[in-house]
Amino acid sequence: MEGTLPPVTNVFRDVFNDDELVISRETTAQDIADWDSAMHVSLIVQIEKAFGVRFSSTEVANPQNVGELVHLVEAKGPR
Amino acid sequence: MTPLLERVLRSIEARNPVHGKRLAVHLTTLDPAFESELCTVMDRYLLILDTASGGVDFLVDCYLKFMDDVFAERLEFTRNGRYTSTSFDEVNERVYNNPQVMTYYMHGLFLSQLLWHQHYRVYEFFTSVARRYAPQTKRYLEVGGGHGLYLRAFCAAAGPDMEVDVVDISATSLNLCKAMADRPTARFIHGDVHKHQGPASGYDFITMGEVLEHVEDPVALLRKLRDLCAPSGHVLVTTPTNAPAIDHIFLFHDVPHIVDIIKQAGFRVVDEIAVVTEEAPPRKKVVDVKIATLYAALLAPVEQKLL
Numbered sequence: 001m002e003g004t005l006p007p008v009t010n011v012f013r014d015v016f017n018d019d020e021l022v023i024s025r026e027t028t029a030q031d032i033a034d035w036d037s038a039m040h041v042s043l044i045v046q047i048e049k050a051f052g053v054r055f056s057s058t059e060v061a062n063p064q065n066v067g068e069l070v071h072l073v074e075a076k077g078p079r
Numbered sequence: 001m002t003p004l005l006e007r008v009l010r011s012i013e014a015r016n017p018v019h020g021k022r023l024a025v026h027l028t029t030l031d032p033a034f035e036s037e038l039c040t041v042m043d044r045y046l047l048i049l050d051t052a053s054g055g056v057d058f059l060v061d062c063y064l065k066f067m068d069d070v071f072a073e074r075l076e077f078t079r080n081g082r083y084t085s086t087s088f089d090e091v092n093e094r095v096y097n098n099p100q101v102m103t104y105y106m107h108g109l110f111l112s113q114l115l116w117h118q119h120y121r122v123y124e125f126f127t128s129v130a131r132r133y134a135p136q137t138k139r140y141l142e143v144g145g146g147h148g149l150y151l152r153a154f155c156a157a158a159g160p161d162m163e164v165d166v167v168d169i170s171a172t173s174l175n176l177c178k179a180m181a182d183r184p185t186a187r188f189i190h191g192d193v194h195k196h197q198g199p200a201s202g203y204d205f206i207t208m209g210e211v212l213e214h215v216e217d218p219v220a221l222l223r224k225l226r227d228l229c230a231p232s233g234h235v236l237v238t239t240p241t242n243a244p245a246i247d248h249i250f251l252f253h254d255v256p257h258i259v260d261i262i263k264q265a266g267f268r269v270v271d272e273i274a275v276v277t278e279e280a281p282p283r284k285k286v287v288d289v290k291i292a293t294l295y296a297a298l299l300a301p302v303e304q305k306l307l
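Sequence order for the protein chains is A and B. 1 is the number of the first residue of the first sequence in our numbering; add one for each residue after it. 1 is the number of the first residue of the second sequence in our numbering; add one for each residue after it.
No lab work stands behind these hints: they were computed from the structure. By construction, the Cβ of each residue, glycine as well, lies at the ideal position given by its N, Cα and C atoms. Hints should not be assumed to be uniformly reliable.
Estimated spans, in silico, between C-beta atoms of each pair [unchecked claim]: (1) B:195 with A:52: 32 to 38 Å; (2) A:26 with B:2: 49 to 55 Å; (3) A:76 with B:270: 36 to 42 Å; (4) A:68 with B:263: 35 to 41 Å; (5) B:40 with A:31: 34 to 40 Å; (6) B:13 with A:76: 51 to 57 Å; (7) A:52 with B:217: 38 to 44 Å; (8) B:191 with A:26: 52 to 58 Å.
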C-alpha cells in the first residue's frame, strides 16, 4: 500500500512546518531536526485525525521509522 | 559531559531515541556548576538505592517506564484536553497505594528532576531563593518532599539550628528525603498536611514543590499553608500547567489561573518564574497543543484586615 506514504508525508509537512520535507519509510527521528518527544505527540494525534484511526500509546511510543507508522495506519484500515 | 550523565543519556537514547534527542539538547548545554551538582545528587541517590537494584541501569529503567506513562497521558490530554484522573482516591489506588507503580514512578520522577530543562530552571530559581531566605529561617516546613532535592538544597543554605519538618503522605518519599537531606534533627511526619499542627508562631519558610496539581482543591491546601506560615514568613510553591501525569488531578490552564488561586488563598506573589516546557506546533491547523509551563512563585501572606 504505497499510497499511504504521500498523505503521511503531508502530515509530517504540517507538523514540522516544512512544505519541502521529503520522507520515506526508512526516515527516522534522527533525520528530522524537530522530531523529538514533544513534537511526537502532536505528530501522532495529527496522523490519527488525518486517517480516522486511533493508536494505543504502546503502539506509537517509540517507532523505529516512518515505515512503522505507515504500517500501523495501514493495519488499522483508514476510514 | 560527566561519564555518569553520558551513560544515562546514551542509555535513554538507545531505548527511546525521540526522547533522548530532546534531552541531549538540554544536557549538552548545562551549566558546568549545575552538572557537577547534578552528578553529586545522583551519586548520593544511587548510594541510597539498594545496591542489588542495579544502580544506574535500574534508575534508567524506572525513568523509561515513567516516560511511557507521560507519553500515554500526554497523548490522551492532546486528544481531549483533560487529565485522566479526577479524584485523589483514584490516584491513591492507581499510584500511591500501588508499590509496583510507586517504585518506578518515584525513581523516574527523580531522574526527570535532574534531566528536564524546566526542572533545572526552577531548581535554579529555588536555590537562589534559598540562599536569600534560608540563613535567617528558624522554622522550615516542606510539604510533599518527594525525592528530597529541594529539602537538601534549603538545608545546605541554612544554619545548623534551623528546625525542619517534612510532611508527606508517602512513606517512600519520607525515607528518601531523610537520606537525601542528611539532617538528623529533622522531623519526618507521615500524614496529610491538612491535619498538621505547626509551631504557634508559624513557619518562617514553607516549600511545596509540585503538589498543587495532585489535589482536588488547591485553594484549600494553600489556605492551610497560609495558616501554617508566620505573618512575616514566605511560601515557595511550584506547579505546572497542562502537564498530564498518572497522578495529576487539578488542571491549571495557564499561569494567570495559578496566580488567581494563589490570591484566593490569601497570598501575594513576591517573585516568580514561568518556564515553558512544551511549545505548540508552529502551524495553527495542526492539533491544538496546550502550552505546558512550569511555574514557581515565592509568596507572602496578605495581611488580614481586622473585622
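Please list, smallest to largest, the hint numbers that this structure does not respect.
1, 2, 3, 4, 6
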